[in-house]
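Protein chains: 2
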Amino acid sequence: MITAEGCRGRRQRLWERLGETVEAVLIASPEHLAYLAGYAPSPFSFRSNESWAALWMAPDEAVLIADNVCRPFAEAAHVDRLELIGWYDGKHTASGRRAVMREAVARFVGSRRPRRLGVEWSAVPAGVLAGPDLEGELTDVGPTLLELRRQKDPDELATLELAISAAEAGFAAAMEAIRPGITELELYLRVNSACTAALDTPAQIYGDFAAGARAKGPDTHATPHALREGELWILDFSVVVRGYRCDFANTLVAGEPSADQRALMEACQAALERGEERLGPGVEARTIDEVVQAEIAARGWTTTKRSHTGHGLGLSHPEAPYLVAESRDVLRVGDVVTIEPSVFPPDWAGGIRIEHNYVITEGGCRRLTHHRIGLTR
Amino acid sequence: MITAEGCRGRRQRLWERLGETVEAVLIASPEHLAYLAGYAPSPFSFRSNESWAALWMAPDEAVLIADNVCRPFAEAAHVDRLELIGWYDGKHTASGRRAVMREAVARFVGSRRPRRLGVEWSAVPAGVLAGPDLEGELTDVGPTLLELRRQKDPDELATLELAISAAEAGFAAAMEAIRPGITELELYLRVNSACTAALDTPAQIYGDFAAGARAKGPDTHATPHALREGELWILDFSVVVRGYRCDFANTLVAGEPSADQRALMEACQAALERGEERLGPGVEARTIDEVVQAEIAARGWTTTKRSHTGHGLGLSHPEAPYLVAESRDVLRVGDVVTIEPSVFPPDWAGGIRIEHNYVITEGGCRRLTHHRIGLTR
Numbered sequence: 004m005i006t007a008e009g010c011r012g013r014r015q016r017l018w019e020r021l022g023e024t025v026e027a028v029l030i031a032s033p034e035h036l037a038y039l040a041g042y043a044p045s046p047f048s049f050r051s052n053e054s055w056a057a058l059w060m061a062p063d064e065a066v067l068i069a070d071n072v073c074r075p076f077a078e079a080a081h082v083d084r085l086e087l088i089g090w091y092d093g094k095h096t097a098s099g100r101r102a103v104m105r106e107a108v109a110r111f112v113g114s115r116r117p118r119r120l121g122v123e124w125s126a127v128p129a130g131v132l133a134g135p136d137l138e139g140e141l142t143d144v145g146p147t148l149l150e151l152r153r154q155k156d157p158d159e160l161a162t163l164e165l166a167i168s169a170a171e172a173g174f175a176a177a178m179e180a181i182r183p184g185i186t187e188l189e190l191y192l193r194v195n196s197a198c199t200a201a202l203d204t205p206a207q208i209y210g211d212f213a214a215g216a217r218a219k220g221p222d223t224h225a226t227p228h229a230l231r232e233g234e235l236w237i238l239d240f241s242v243v244v245r246g247y248r249c250d251f252a253n254t255l256v257a258g259e260p261s262a263d264q265r266a267l268m269e270a271c272q273a274a275l276e277r278g279e280e281r282l283g284p285g286v287e288a289r290t291i292d293e294v295v296q297a298e299i300a301a302r303g304w305t306t307t308k309r310s311h312t313g314h315g316l317g318l319s320h321p322e323a324p325y326l327v328a329e330s331r332d333v334l335r336v337g338d339v340v341t342i343e344p345s346v347f348p349p350d351w352a353g354g355i356r357i358e359h360n361y362v363i364t365e366g367g368c369r370r371l372t373h374h375r376i377g378l379t380r
Numbered sequence: 004m005i006t007a008e009g010c011r012g013r014r015q016r017l018w019e020r021l022g023e024t025v026e027a028v029l030i031a032s033p034e035h036l037a038y039l040a041g042y043a044p045s046p047f048s049f050r051s052n053e054s055w056a057a058l059w060m061a062p063d064e065a066v067l068i069a070d071n072v073c074r075p076f077a078e079a080a081h082v083d084r085l086e087l088i089g090w091y092d093g094k095h096t097a098s099g100r101r102a103v104m105r106e107a108v109a110r111f112v113g114s115r116r117p118r119r120l121g122v123e124w125s126a127v128p129a130g131v132l133a134g135p136d137l138e139g140e141l142t143d144v145g146p147t148l149l150e151l152r153r154q155k156d157p158d159e160l161a162t163l164e165l166a167i168s169a170a171e172a173g174f175a176a177a178m179e180a181i182r183p184g185i186t187e188l189e190l191y192l193r194v195n196s197a198c199t200a201a202l203d204t205p206a207q208i209y210g211d212f213a214a215g216a217r218a219k220g221p222d223t224h225a226t227p228h229a230l231r232e233g234e235l236w237i238l239d240f241s242v243v244v245r246g247y248r249c250d251f252a253n254t255l256v257a258g259e260p261s262a263d264q265r266a267l268m269e270a271c272q273a274a275l276e277r278g279e280e281r282l283g284p285g286v287e288a289r290t291i292d293e294v295v296q297a298e299i300a301a302r303g304w305t306t307t308k309r310s311h312t313g314h315g316l317g318l319s320h321p322e323a324p325y326l327v328a329e330s331r332d333v334l335r336v337g338d339v340v341t342i343e344p345s346v347f348p349p350d351w352a353g354g355i356r357i358e359h360n361y362v363i364t365e366g367g368c369r370r371l372t373h374h375r376i377g378l379t380r
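Top to bottom, those sequences are chains H and X. This note's numbering puts the last residue of the first sequence at 380; the count rises by one with no breaks. This note's numbering puts the last residue of the second sequence at 380; the count rises by one with no breaks.
Hints in this document: simulated from the structure, not taken from any laboratory. Everything numeric in this text was worked out from a predicted model, so none of it was measured. No false leads were slipped in.
The list makes no distinction among identical chains, and a pair is therefore deemed to hold if it is satisfied within one copy or across any two copies.
Computed list of lysine-lysine pairs in DSS-like fashion (alpha-carbon distance at most 27 Å, straight line): (1) Lys308 to Lys94; (2) Lys219 to Lys94; (3) Lys308 to Lys219.
Put together the whole structure using the sequences plus the hints.
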């Protein structure tokens, strides 16, 4: 799980990257509060409703600013100091939550009067930076954070692997449960229950749970549709732990797979292997797309919906590096990526997608996901 | 559910309230995009990851600005026009999602050159308003929105009642399932499944699922704890539909309730009735707190944890009006509120909380929730 040491290291790297350009930094996006401070309010508590928090970083201290109702989450964060703002005490009428925080953060920043402040230009609320006390130069640190967060630390990989182990339980439960007549919603609930049991806490999950033609999207949430004999069901979902998400897939069939379905699954597995073989530092991301798509084509398959071959993931998804035809990205050690061959043949109602997650290593890659890929048990 | 007519009416009321003070308005908080445009991206889709959207309102048009990956959610919104921004096409490396939207919204606002712009000062990202083209006067519309949204429209009430009917199914499932030996997590999963089945779509739920002393908080999420014979379990949770949430409660006992537990449940029910009798427009919110707490005290009960007696709810919770001892709020027609008597007697491991939701009407109130309150089936 996310550690104090990991957060310190990430803050240190941000300073090194920013060099002398800023005196202090102000962060407000949920993803970078998780990245730099391990702050990740639970979506399963009323406490996180309409809340937001800020991380103030100066070279000598990291201060998390949050309101009193977020105290349990703030106390679990890894910072040098908490600044807890009184918002609601259960005895008095409270003012608007966002505004109370905005005023408090603006006061805090104003009191420090930095001449050169780094901010998340796309996340810090406008009102925070509008005070008369703030007259220095502002630098957007958003692009630097996106760049840095591609390389995962050991505590980030451990958090991702926890999410992955929960998701693996979900894939196993779905494989066990699928049969003609079961609904997408029943399968969704089996997956959710298995992930929750694996984590020993309610699982935050999202993704594709759609059968047949609906698997092409754009709406791939679970519905009351009951699977028909021979129908394909794509399970492509994420579990989120402390802001970090995995993203991998399998395709199951309700009942006995046909020879064509088996052949397409074999093609997708071969394509995945071709991609996996090429993963490594210095590799152009579009190469992975090329070899995966070439294997599918070599086996004579065409698709009516061309999806991306893969992408980076971690604090969001999709994100860089993009494993697509026109990608400008080059793989680096520490990137976490997916490869996800996906084929919807003409005249088929549905299609097949399978997917693994990998971390790029000096020697090539390490596969992070261990679910069994296959159409049936 | 949220309707186009409802959204138009709410935008109209915002214009009326703002009068001549602004020429245009820019909204970016999730709660007010739901309120004014019915825009509510699903938390169960990868599409909403790191996304944000903006609503531009001029007297002659309402424009929702979102990126292409949010298209399905944007198309379900109620506005005059969509401005879809190309972020990721599955073929090329994409830039940071937040920044692409920030630049697009800034360009849009800059092209309109409003002299007097109303903004959500605590939600619109700083970078949106930093462009050289924006030299007019800025007004924070956040407080006006908080004020307006207290009074619920028919479509908002219908949405809340859909959330309530799903939650009622959850309460019934928990009452059916509770027994000594069942875990909090198993109960959570039963509740989640029942809500999901009632909605025919994955349910977004959060709240308290803790037994015994843990029910006092602050951490009230479900754990692997197995309920002991006679242990009290407080179920106090919310279902969220299109951004609107209910919030009501019951307390169950694993096994046979004791005489003391029955007596406390009766006291809480009487207290709830005292509060309910007084609900109506023009009533000071603190009066509700007084009569509820007086009934509990009159029956000889004291508590080791004094919670609020109630609060407003809808697009968030808690929010105004606050039903607390030092409240400054006065109830109005259209307010949706909870009353939630809660007692943790000294020397008890746990306590009891029960809760209903109401809308304030000309004649007093209408109760919105219909779950059976009681310690057992």
